[in-house]
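Number of protein chains: 2
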Amino acid sequence: MEQTQLNDPWIIRVSPDMASPSLDDNTADVDRLVKAVKKELGTGAIAVPYAMAKRMTRILRGVDYRVSATLFEDRGVWHLVDVSGAAETDGPFGLGMDLGSSTLVLRLLDLKTGNRLDEISTHNPQIDVGPDILTRIHHAAGEGGLEELQRMLIERINQIIGRMIKRRGIPEKAVAGMSVAGNTTMTHLFMGLDPYWLCREPYIPVVNAPDLMSAADLGLALHPEAPVFIFPNVGSYFGGDLIAGILASGMCREKTTAILVDVGTNAEVVIGNRDWLMACAGAAGPALEGGVAGVGMMAGPGVIDRVVIDPETLRFEIGTIDDLPPVGICGSGLIDLVAQLFLSGMIDLRGKYVPSRCGDRLEKTGGVTHLVLVPARDSGTRRPLTLSQPDIDALMRSKAAMYTILTTIAGAVNIPLNDLERFYVAGTFGSYINPRSAITIGMIPDLPLETYVPFGNSSLEGACRALLSRGDRREISGIRDRITYMELNVNQEFMNLFSAARFIPHTDRSLFPSVKEWRG
Amino acid sequence: MEQTQLNDPWIIRVSPDMASPSLDDNTADVDRLVKAVKKELGTGAIAVPYAMAKRMTRILRGVDYRVSATLFEDRGVWHLVDVSGAAETDGPFGLGMDLGSSTLVLRLLDLKTGNRLDEISTHNPQIDVGPDILTRIHHAAGEGGLEELQRMLIERINQIIGRMIKRRGIPEKAVAGMSVAGNTTMTHLFMGLDPYWLCREPYIPVVNAPDLMSAADLGLALHPEAPVFIFPNVGSYFGGDLIAGILASGMCREKTTAILVDVGTNAEVVIGNRDWLMACAGAAGPALEGGVAGVGMMAGPGVIDRVVIDPETLRFEIGTIDDLPPVGICGSGLIDLVAQLFLSGMIDLRGKYVPSRCGDRLEKTGGVTHLVLVPARDSGTRRPLTLSQPDIDALMRSKAAMYTILTTIAGAVNIPLNDLERFYVAGTFGSYINPRSAITIGMIPDLPLETYVPFGNSSLEGACRALLSRGDRREISGIRDRITYMELNVNQEFMNLFSAARFIPHTDRSLFPSVKEWRG
Chain A
1 MEQTQLNDPW
11 IIRVSPDMAS
21 PSLDDNTADV
31 DRLVKAVKKE
41 LGTGAIAVPY
51 AMAKRMTRIL
61 RGVDYRVSAT
71 LFEDRGVWHL
81 VDVSGAAETD
91 GPFGLGMDLG
101 SSTLVLRLLD
111 LKTGNRLDEI
121 STHNPQIDVG
131 PDILTRIHHA
141 AGEGGLEELQ
151 RMLIERINQI
161 IGRMIKRRGI
171 PEKAVAGMSV
181 AGNTTMTHLF
191 MGLDPYWLCR
201 EPYIPVVNAP
211 DLMSAADLGL
221 ALHPEAPVFI
231 FPNVGSYFGG
241 DLIAGILASG
251 MCREKTTAIL
261 VDVGTNAEVV
271 IGNRDWLMAC
281 AGAAGPALEG
291 GVAGVGMMAG
301 PGVIDRVVID
311 PETLRFEIGT
321 IDDLPPVGIC
331 GSGLIDLVAQ
341 LFLSGMIDLR
351 GKYVPSRCGD
361 RLEKTGGVTH
371 LVLVPARDSG
381 TRRPLTLSQP
391 DIDALMRSKA
401 AMYTILTTIA
411 GAVNIPLNDL
421 ERFYVAGTFG
431 SYINPRSAIT
441 IGMIPDLPLE
451 TYVPFGNSSL
461 EGACRALLSR
471 GDRREISGIR
481 DRITYMELNV
491 NQEFMNLFSA
501 ARFIPHTDRS
511 LFPSVKEWRG
Chain B
1 MEQTQLNDPW
11 IIRVSPDMAS
21 PSLDDNTADV
31 DRLVKAVKKE
41 LGTGAIAVPY
51 AMAKRMTRIL
61 RGVDYRVSAT
71 LFEDRGVWHL
81 VDVSGAAETD
91 GPFGLGMDLG
101 SSTLVLRLLD
111 LKTGNRLDEI
121 STHNPQIDVG
131 PDILTRIHHA
141 AGEGGLEELQ
151 RMLIERINQI
161 IGRMIKRRGI
171 PEKAVAGMSV
181 AGNTTMTHLF
191 MGLDPYWLCR
201 EPYIPVVNAP
211 DLMSAADLGL
221 ALHPEAPVFI
231 FPNVGSYFGG
241 DLIAGILASG
251 MCREKTTAIL
261 VDVGTNAEVV
271 IGNRDWLMAC
281 AGAAGPALEG
291 GVAGVGMMAG
301 PGVIDRVVID
311 PETLRFEIGT
321 IDDLPPVGIC
331 GSGLIDLVAQ
341 LFLSGMIDLR
351 GKYVPSRCGD
361 RLEKTGGVTH
371 LVLVPARDSG
381 TRRPLTLSQP
391 DIDALMRSKA
401 AMYTILTTIA
411 GAVNIPLNDL
421 ERFYVAGTFG
431 SYINPRSAIT
441 IGMIPDLPLE
451 TYVPFGNSSL
461 EGACRALLSR
471 GDRREISGIR
481 DRITYMELNV
491 NQEFMNLFSA
501 ARFIPHTDRS
511 LFPSVKEWRG
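Residue numbers (my numbering), protein chains in the order written: chain A, 1 to 520; chain B, 1 to 520.
Here chain A stands alone, though its shape is the one from the complex (with noise of 0.2 Å):
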């Protein structure tokens, strides 16, 4: 990201020479502004807001006409955000948003640059609504329930923007702009449109592709006439933020033919190339991303996301977060547990515990067969942390659902997946994921591991991306119009599939060539 300029902005500040006004020229301040800024870009249509064109004749006079305007493109027009001195030579900045449904992401950018200057993460404060995205739907369904949540949104933000700026000592006029990747009903929240219809056939959204708007529309603290991006959506269920990683990715500019995956609460996967695109999003997540085993949580310290078991000694190797004493395990640490289990012949090719190999480590509470991972002596909770069968099961089954949809997809457009050339895994799990035990496990196909690019918050790259470049953002409708989206039909077919892929790694060996099952 770092370079002295970045050479195709769209949000910009420039420094026209202007010359004071005399009986020779008597053009008035805004055109006089507009004609030198035209003159400087070498470039057509200027717009001026009218609450921009109220205080030009104050501003102008009151730099003597020495000024830098900051302007963003949209549709081939310049639109005026800002006018002030010309000794005010920082800036302009930007943010770029990853509208997670549990997360937000803001990065703090300079937009001459591009350059990073700030980054913070926080909770999505819906979250105290409801934790899942249905509850919210409901909640903005009841009276000044949308903007209520609406509003919990806009005040963190402005809380995190607030912070960020004054840190960097930014004044909150010159962040001229704003971005934001995320689901489709996130995307409708932060704009204030209602949801209700997301989550009823035939699902449609208010608004697949809305037009920049302004902070103050959105009550942002930036300037208050800076444009704010928002990702398209394809439909309820294929969101900005997977297009925003499609956009990240670069996989609409190759030749060859890549796929994208993102685990989030769903598992949504792009197949496609810079001709076409096919999409698909299916439940196969939740195990992934700590929802679902009894010791799961979010990536966090103390969490363990790396395992290793000595198939000879069966001793445990584990490693935290932050090397903190364990507290947890998130999806990443959760799959190396599962494939390190399978390669020393603790669990069979079902998932199930093989009790001869596991020894005293099971023990059964309630009925239910657990794996002490950490005893309690160790553990940073202070009481062991353990794995039941059930957890795996669950992990079995999002696995499993995750190869079907891989290759589900993958076989609609008639593409091998071992064939594949370029396997982009994003979202928080895949940056921790490592490809090796993804594969033993039979969750991602047997692909060599350099095929796997993984990169962290695509969304928010993405977001990142189309505020910094006119072409990147240009880009956005060309991948929303080129993406098929096909809908999972959950037929014979896809049970088929889905069957053979709940054994490790598969029922199908030669899929998984590298795979080596321990043997005793």
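Derived by calculation from the structure, the hints in this document are not laboratory data. Be a bit skeptical, because a hint or two may be false.
To be verified - Listed next, the in silico SDA-like pairs over lysine to any residue satisfying Cα-Cα at most 20 Å (straight line):
#1 Lys38(A) - Asp481(B)
#2 Lys39(A) - Gly478(B)
#3 Lys35(A) - Arg75(B)
#4 Lys54(A) - Ala216(B)
#5 Lys54(B) - Tyr196(A)
#6 Lys54(A) - Gly144(B)
#7 Lys35(B) - Thr484(A)
#8 Lys35(B) - Leu23(B)
Take the given structure of chain A and dock chain B to it, following the hints.
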């Protein structure tokens, strides 16, 4: 104006075919409408304002997706104004306005057909603050003064709009656009832009060519998203009213060179054709608008607008508006009168009363000679209506100024005045003036009478054209860009011309071959 359908409108209403949502077509509500409208228009970009997006789902579902949409075009993008049920097929409607310093004239139009539905003229309420522009500019500089002046205007305009739409049974939100032509100061006050620098060297407006505004921006009682088009100005002294006149005259499209004169507080003159336009303005008006003559007044009931004097009997034949007993005289009546006085030998070529011809019609009051035009017994005011020598002197100066300005501007482009093929006379003055009389006194050149084209309120006419036609609206910036504004320098040459024009019809009799002097 009567026609079945305009062929080039920029504010339109369409009733696109739109399928209800289904699982096979889950396009969002906003995008569904946009898609349908695009198909209907066979064209590109559609912008949906935030406020409309917010209400879209409710509207569409309320009428089961059978809708009419109102849109306006700006810089190639069609902007949504309103969406309602397809059954409401009336409209859209719009308003043209002549924003005069003394008078506001609003015309209600059917934007589909161009038909004129209503027209109301009212005093500019700012007259209460000051009859002249300078007083208002001064007032605007005081605490809250600008806001007060703007509010006065908007409130009065809203009253008029309210009256018109009530009379026609049109809902406020069906009024989907407005077009306003006024001088530069009035335009600034209408927009709430500070006019302070308009009357101070180097006379810089806040804006020459304002972007479209919304009715909501200005607090106008039409649809809040309705576009308001405000004519651009060339500078402080050359306003949008005159540009509207140029547009309305059509001189900007003609190959032959024409001249346009608009007499209001100033005389504004434009000469040109489709390739170039030159303009100037000068003080020549007051005597003609009723501001100077002791009996002078604006046209109205009982006001003398025609005078014929029989050179043999010296009998006065006096015509008044609505044939009521005379109460005063307006500009056109005054010109008629002075022409007739000259033709009957009652004034000489210097405009001085000839006592031997005037006889007992002459009276002396306070050392000033008056001609009794209407004795008290015939007067609507029960007092005699008289015309003093200073009244005539003032008219002589005005007519001399007018002719000098015409000579000067024609000279600047090297076209003899008497070669002009078309002479547009705009303004309320223009619609009543008898060109024969104006030629007789040497106010306008001695052209064949058919050369003169009076057209009433050219400013209103231009405003309405701009509202009804995309091409006309687009042409305006072309007109503005083509205008060269000529500063009238009151130099020796000007003064020589002026002196020569202070005779009836002129010192150089060869310029007015058609005028026959009275020979007693």
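Exercise. Does aspartate 481(B) lie within 20 Å of lysine 38(A) when you go C-alpha to C-alpha?
Worked result: holds (15 Å)
Exercise. Under the criterion that the straight-line Cα-Cα distance not exceed 20 Å, is the pair lysine 35(A), arginine 75(B) satisfied?
Worked result: It holds: about 17 Å lies between the C-alpha atoms, which stays within 20 Å.
Exercise. Has the given pair, lysine 54(A) with glycine 144(B), been kept, meaning a C-alpha gap of at most 20 Å?
Worked result: holds (15 Å)
Exercise. For the pair supplied as a hint, lysine 35(B) and threonine 484(A), is the alpha-carbon distance within the 20 Å limit?
Worked result: holds (17 Å)
Exercise. Holds or violated: are the alpha carbons of lysine 54(B) and tyrosine 196(A) at most 20 Å from each other?
Worked result: holds (13 Å)
Exercise. If you draw a straight line from the CA of lysine 39(A) to the CA of glycine 478(B), is it 20 Å or shorter?
Worked result: holds (19 Å)
For this session: Could you grab the alpha-carbon distance between lysine 35(B) and leucine 23(B) and see if it respects the 20 Å cut-off?
Result: Holds, because 17 Å separates the two Cα atoms, which is no more than 20 Å.
Exercise. When you check the alpha-carbon spacing of lysine 54(A) and alanine 216(B), does it fall within 20 Å?
Worked result: holds (15 Å)
Checked against the numbered hints given earlier, this structure breaks none of them.
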